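Sequences listed follow chains A and B, in order.
Take 488 as the starting number for the first sequence in the working numbering and just add one per residue.
Take 97 as the starting number for the second sequence in the working numbering and just add one per residue.
Accuracy of the hints is not assured; some may be wrong.
To be verified - Derived, one-sided and incomplete: chain B residues facing chain A with beta-carbon distance under 8 Å:
no.: 1; residue: Ala149
no.: 2; residue: Asn170
no.: 3; residue: Arg171
What the hints assert, rightly or not - Between beta-carbon pairs, the in silico distance windows are:
no.: 4; chain 1: B; residue 1: Gly121; chain 2: A; residue 2: Arg538; range: 28 to 34 Å
no.: 5; chain 1: B; residue 1: Val139; chain 2: A; residue 2: Val494; range: 29 to 35 Å
no.: 6; chain 1: A; residue 1: Pro794; chain 2: B; residue 2: Ser161; range: 35 to 41 Å
no.: 7; chain 1: A; residue 1: Thr490; chain 2: B; residue 2: Val139; range: 28 to 34 Å
no.: 8; chain 1: A; residue 1: Leu558; chain 2: B; residue 2: Asn192; range: 22 to 28 Å
no.: 9; chain 1: A; residue 1: Arg538; chain 2: B; residue 2: Val139; range: 22 to 28 Å
no.: 10; chain 1: A; residue 1: Leu495; chain 2: B; residue 2: Ser161; range: 14 to 20 Å
Said to hold, decoys possible - Output of the computed footprint for chain A on chain B, the stretches with three or more beta carbons under 8 Å from beta carbons of chain A:
no.: 11; segment: 119–128
no.: 12; segment: 156–167
no.: 13; segment: 172–181
If you are wondering where the hints come from, they were derived from the structure by calculation, not from laboratory data.
As the structure is a computational prediction, the values presented were derived from the model and not from experiment.
All C-beta atoms in this analysis are idealised placements derived from N, C-alpha and C, irrespective of residue type, glycine included.
Here are the chains, one letter per residue:
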Amino acid sequence: MLTRLFVLLSRVRAAFSRGRMDDDFDQEVASHLAMLADENIRHGMAPEEARRAAVIRFGGPVQVKEQQRDLRGLPFFDTLRQDVRYALRTFRRSPGFTLLAIATLGIGIGVNATVFTLFDAVALRGLPVSKPDTLVRLARSFQGGGRGDRVYAFSLDEFQAYRTRQRSLGAVVAASWPIRVAYDAGTLDGQVVSGGYFSELGVHAAVGRLLVADDERASRAAIVLSAPAWRERFASDPEVVGRSIRLNDAAFTIAGVAADEFIGTGNPPRVPDFWAPLTLQPQLAPQSDWVRAPQIRRLQLLGRVAPSETPASAQAELTVLERTIDTDTGLMRTIAVTPEPATFFGGTNDIRFRAFVTAVMTVVGLVLLIACANLSNMMFARAASRRHELAVRLAVGASRMRLARQLLTESLLLAAGGGAAGFLVSLWGCRWLWARIAEAVQGFMNSQAAFAVTLGPDARIFAYTSAVSVAAGCAFGVWPAAQFSKAGLARGLRDEAMLVGGAIARSRLRGLLVAAQVAASLALLASAGLLARGVARSQSVDPGFSPARLFAVYFDHGTDPGAALRLQGRMFERLQSAPGVAAAAYVQRVPLESTWSLPVHDADAPDHVEYTLANYVSPEYFGTIGLSIQRGRNFVEPEAEGSAIISAAGARLMWPNADPIGRRIRLSTSQSRVPDLHDFVVVGVASDASTANVSRRDPMYVYLPRHAADRDNIMIRTTGDIGSALASVRTVVGGVDRRLLATLQLVSLDSLARAQTVLTGTLSAVATVLAALALLLATIGIYGVMNVLVAQRVREIGVRMALGATVGTVVKTMLADGLKPVIAGALAGLLLAFGVSGVLRATLLVAPAAPDLLFGVGAFDPLTFLALGGVLAASALAASAVPALRAARVDPMTVLRVE
Amino acid sequence: MGDSKSDILQGTLDLMVLQTLDAMGPQHGYGIARRIEQISEDVLQLNQGTIYASLLRLQQRRWISAAWGTSDNNRRAKFYTITRAGRKQLAVETDNWTRIADVIGRMLRLAER
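Can you build the whole structure from these sequences, using the hints too?
Below, the structure is given as structure tokens:
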């Protein structure tokens, strides 16, 4: 055994010092020959004769050296090195081909690696804790199948029950959703956590100590800072431990700072500024009383399945336990509690998530496949032009295997280059894409904090990229290698008819491939073009009201319903009279932020159903946001039950030729699945605006009078300097209750409008990048096919030129053949693009709340389509022209001489 | 034996080389080849170059070591020395060899009868 290891070691060592070993052995052989010659001379030979006899006696020094070399090193690697060196030489001779190949593969692999990296970050990477793969997050399933954040939300009651009464999880720890508190004229976001949180997760402190069970039990006012908060808010001051700070009105002592890599366990992941003991909740969120309100579910529960249990048995125990606590009925009843693997984004086991990932992976897989097909064509064309070199090598005795190996080595080397390029592409692509996603998510959720994810390359990503590269290398390399190393090929070279016959069937496949690529890139180009025009349009869109001075006033109403109503009334009164506030209104759903859409019909003509947006508003709403009552009257206070105001567009839709005032409409006021139909009499008609989406006029809007006992949102319009107006609002709110300041948010409708344009911008950017990639790939594909065509027909071209064909006719013939699939593909792509646009249009008709991504640009915008057709035609022509011109340079004499 | 030059079993040559180095002390390739030819009274006409494959194999197994030195008639040459592991191996191989030779000898004598 040991002996074998010695042999291997010595061979490896030799493989790395070939030159020195060769020299050494040369000397040894020379010395041996000299001694043999000496002996021969002693026996009386002439020196010249003696040397010759010595060589014979020795037995062929060259062979001995060759044999020694094989025995000494690692022959497999020596051959590999030769192949690599040879391949690199070939690459240097055709740098254009090499760069194109690496770029093609770089795109294909890069797109795949990018998607995989994001998938890895979202679904595969565990939380930054010890043994993340064993950590589970509890998720409930609702009777009604509801999803979203609330499946992870549990009440304090439920937590206490799980903590003490279940056995299948070793320990259950809790962390709340972020709570915003006032600190030092600004705010901090913190989470309250149960005592065992840090120790159960195995998190370490960077400075000081972390929270322990005793902190919770003794309600100690201690907090742990997160590393980012420590850096940004406390200047990384190591002396911060033991310092006392005021959060809201209570004093807290900083116990320590968590390790840098611990970015919390939130789902979705947001790094909190600090963690505090669970029992300190009343000080941090004074308006809420979680202890006495079991309906408040603000905790995420984490645990580890005990070794003796399975996820299924744990689920069974938790579900039984939950049944004894859950008081909800109907759709909101909890039917199961499942321990899910704890990732940063929940629901990665969700069938819809899987379907989405599969779809995206398939698409990017196809991109890589197309890249490989293109490259295969190029390799084929290249191998075809290298026929003579290959034939000569076969003729002088290279084995078929050896030749195939050589060609495959070239492919794999290209793949390695492509893999490296792809890796770089993905590094950049991930950052870019994640920034776009974060932008869009922030726009939707109206949150300042971005999600914290780790996108750095890890071993998994590296392995994935390498595997994809090798697979790609084999995919595009094997076929040309097999074709051209065929022993029969040497014959086939002379007997060209055979080769051409086989190639015709393949060229049809190639044409189809090119057509498909052209179609896909044209469809993508069209989408990108339309979206880009939408982005341009969004800059100058007129929403029909002026969001610039409008603000939604959000604050924590607290958990007591009666107190919440009184607080809301007091706030509204004070805000109405605050300096800098021109008007204030109640509204259930803030414009540009949330919508309610539903079917509505004329109570006297039930067949005429339209889809409308709807909202509950106070009479001040129209004046506040700048809508006018065009006909009829505004609401009054108190308004009679059963009145409604309809938008002008809605009135036209419902009663094109009649006066809407006094008409009765019927709709369901229940915002859930069970309808609750009521009739409303139209008392007024309001002007049209884009209050659901800045991108389109609301197709129809029904305003209903708000109920005095509803908890609604407050909107204000400011006057004069916006900054001082907001300052005065803060003063007013502080005057009502100083503790409200921590949770007070003044959200400008302007920022909401901008956030809505972000989606179009993001989609436009993504579509532009995809379209550019698709166009590039299609261009490469066209180029590759033209190359093959030319390579295959060199002989024919030569003959025709010898018979008097001009350069012009040759180029024309080649272009005509090469561009046939391009034209077919372009037509198909145009149809596809029209189809996509048509579907987009159609969704707008049935969904009044759907945003118009194109901001009113016609889906069949002729300008866009013409311009893009031009771009495609130009690239196709350029890609075909290069090989076609090469065909024209064929020298008839050379071709005929080869015959 | 039809072609005694190339039909020498690898293992046999290795054993002879080891035995030579054990008996004569440090020796260069030429010396070893000559010695084997002499001992076999020129029955074995070696292609002397083949000795080097054997020397390399033995080196790779660390049964012999090599170093450059100067020969009797003042030529630079590589000298091979048997190692302790080599001696152990030689003992094992010798043992094996005599046992097999013994068995074969008996078989052949049996066949003659």
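Here is how each hint holds up against the structure:
Annotation: interface hint on Ala149(B) holds; nearest CB of chain A at approximately 6 Å, less than 8 Å. For the restraint placing Asn170(B) at the interface with chain A, the shortest Cβ-Cβ distance is roughly 11 Å, beyond the 8 Å limit, so the hint is violated. Taking 8 Å as the C-beta cut-off, the interface hint given for Arg171(B) holds, the closest approach to chain A being about 6 Å. Gly121(B) and Arg538(A) have their C-beta atoms about 29 Å apart, which keeps the hinted 28 to 34 Å range intact.
Here the CB-CB span from Val139(B) to Val494(A) is close to 31 Å, well matched to the stated 29 to 35 Å. For the pair Pro794(A) and Ser161(B), the beta carbons lie near 55 Å from each other, so the given range of 35 to 41 Å is not met. Distance hint check: the CB atoms of Thr490(A) and Val139(B) are about 31 Å apart, consistent with the given range 28 to 34 Å. A beta carbon spacing of about 24 Å between Leu558(A) and Asn192(B) agrees with the range 22 to 28 Å that was offered as a hint.
Evaluation of the 22 to 28 Å hint for Arg538(A) and Val139(B) yields a pass: the beta carbon distance comes to about 26 Å. Distance hint check: the CB atoms of Leu495(A) and Ser161(B) are about 18 Å apart, consistent with the given range 14 to 20 Å. With 3 residues carrying a beta carbon less than 8 Å from a beta carbon of chain A, the segment 119–128 of chain B meets the three-residue requirement, and the given coverage holds. Residues of the segment 156–167 of chain B lying with their CB closer than 8 Å to a CB of chain A number 4, which satisfies the three-residue condition for coverage.
Chain A is given as covering the segment 172–181 of chain B, and this holds because 3 residues of the stretch bring a CB closer than 8 Å to a CB of that chain, at least three being needed.
Violation of the numbered hints given earlier is confined to hints 2, 6; the remaining hints are satisfied by the structure.
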